[in-house]
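Asker: Reminder that position 356 of the sequence shown reads as 356 in our numbering, one-by-one numbering, no gaps.
Hints were generated in silico from the structure; no laboratory data involved.
Some clues are possibly wrong.
[Claimed, not checked] Here are the computed lysine-lysine pairs in the DSSO-like style, where the Cα-Cα straight-line distance is at most 30 Å:
id: 1; residue 1: Lys480; residue 2: Lys441
id: 2; residue 1: Lys425; residue 2: Lys441
id: 3; residue 1: Lys400; residue 2: Lys373
id: 4; residue 1: Lys4; residue 2: Lys538
id: 5; residue 1: Lys525; residue 2: Lys30
id: 6; residue 1: Lys169; residue 2: Lys4
id: 7; residue 1: Lys17; residue 2: Lys59
id: 8; residue 1: Lys4; residue 2: Lys30
id: 9; residue 1: Lys149; residue 2: Lys484
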Amino acid sequence: MLGKILEIKNNHLLVSKGEASNDIINLYVKIIDQDDIFIGEISAFNEQNIEINLLGELKGKKFIYGLNKKPTLAAHVEMLPNTELDILFNAADYQAKTHLYFGKSALYEDRAIYLNINKLFANHFVVLGNTGSGKSCGTARLLQNLFYKSDACPTNATFFIIDAYGEYKQAFSQINYVHKDLGYKNYTTDISSHDELLPIPLWLLSLDDICLLLDVNNRSQIPIVEKALKFVTIFKKEEQTVIKYKNSIIAKALLDIFISGNTPAQIRDQIFSVLSRYHTQDLNLDTPIYQPGYTRPLKQCLMIDDTGKIRDMELVINFLSDYCLTEMDLALPDGSFNYSLNDLLYAFDFALIDEGILNDQHVFELAHALRVKLASICDSEASKFFHFPEHFSLTEFMEKLTYKDGQKVQIVNLNLHNIDDRFAKAVAKIYAKLLFDYNKKHMAKGQNPLHIVLEEAHRYVQNDRDSEILGYNIFERIAKEGRKYAVLLGLISQRPSELSATVLSQCQNFIVFKLTHPADIEYIKPMIPYVDEEMMEKIKNLPTGNCLAFGSAFVLPTITQIDLATPSPTSASCNIAEKWF
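Sequences are here, hints too, so could you generate the full structure?
Answerer: Here it is in structure tokens:
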């Protein structure tokens, strides 16, 4: 037993040392006050006294974090016995399907710490830590613990890992050896790899997804993308219908040029330019225009006379007006037919002339930037990600992603290492939205849990302009709405200050390795529960592979030593001495 309580101030006790040994710093104590039992942590001591932080109350076999009341000076204090340590470490009521081994206590030798599976994985969670602190290895070990369980196998789990550097393939590629019903699948962005290429079926993407893909940065660009997608739908119709719509689009664009207010020479040159590139068998520069007594091709009717005017302007305008449809059946693609990047680029060109960009320099610049981006994707190796010989639905696509050789896989690794940061960010958002839309539209609420784990999450889950441009950010939407549709986020980051504040605030569990940057420390403090100055100091001084874990899945904030991942992810630091000498 320790000595008497000398002082109670806020949530701190000052207790005489009594018979306590000198190796008690950060250990837990029990404060017994008649029928009430409080739990505290020794924060400091000297030769005479001990300082204790009050953590919560023990109610039977349940620990309640936080305090509604405090002990009296008459209470007596003793070191917490092992039977009650099991309560704090989630070991007292262990069940195979509800509890998961997390690691070992950094303070109590060989004491295993467990977490509540449902409370961790039914909520968003975050893993934070400096480079080299152990967060990637710790995340790999957490999932290995889940899938290596000998007493319960989560065969219905589905994790999508957004793998920024291709680190996790090594860590999970052998899980089928652990259990015959477990599987892993790796998609790569390395064109030369033997693994399957990352699939991006264009026809399953929404207008917002295409805007992300094309890096739309101005709301004025969205109608152009929308028009292009609607023209994709039109151009997939029967040939005669397609020609009729194309004629109307071209004719309206030419009529806009006539009323642009430009000089006759400029009007003629622009019409020649448009018809040289965009034409049909019915409407082109050589299309005959009939007049009583003779017939001339359209290009001759655009000649300028001695007075500097297009003499047959009225004739051409009447001719073009006959091609204009009063109504066009425009609809966005509904996923029922296949189309390619080149189909979209072709439709995009018609959307540009239909929007009248030749008459507005500002609109032209905005639209041209989109076309250049789309053309660059079409001409790059990345176009292979979009190529599919057959059509499939969103449901069939999900089956393709999560099955291998006829068997369900539990981990799908999306390796984005070989694409640039902007494209990787768009891909991460597109996949997140596809998964969210799938569960929202096709699955009963809460019946198909999907976990999206984002390595280097600060590269994707940012305070960016999506909400301003598109009206929402997909990661913020999932953070706020994902739980009811069973789409959950796991964020792994070394720079929490660059993460979306909205997403971070919705995380219920925090696994924090060593974190030292003042901006990061200050950023997370007001957003997360349970945190105080002492906890922040602990985070700054954690050894590699040790973390401070807290949140709903843990009984109380606990310093845990995480076992090494076996096999480990390829995230180890470079051994300079070995390479140099």
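Asker: For each hint given before, does the structure comply? Return the numbers of the non-compliant ones in rising order.
Answerer: 6
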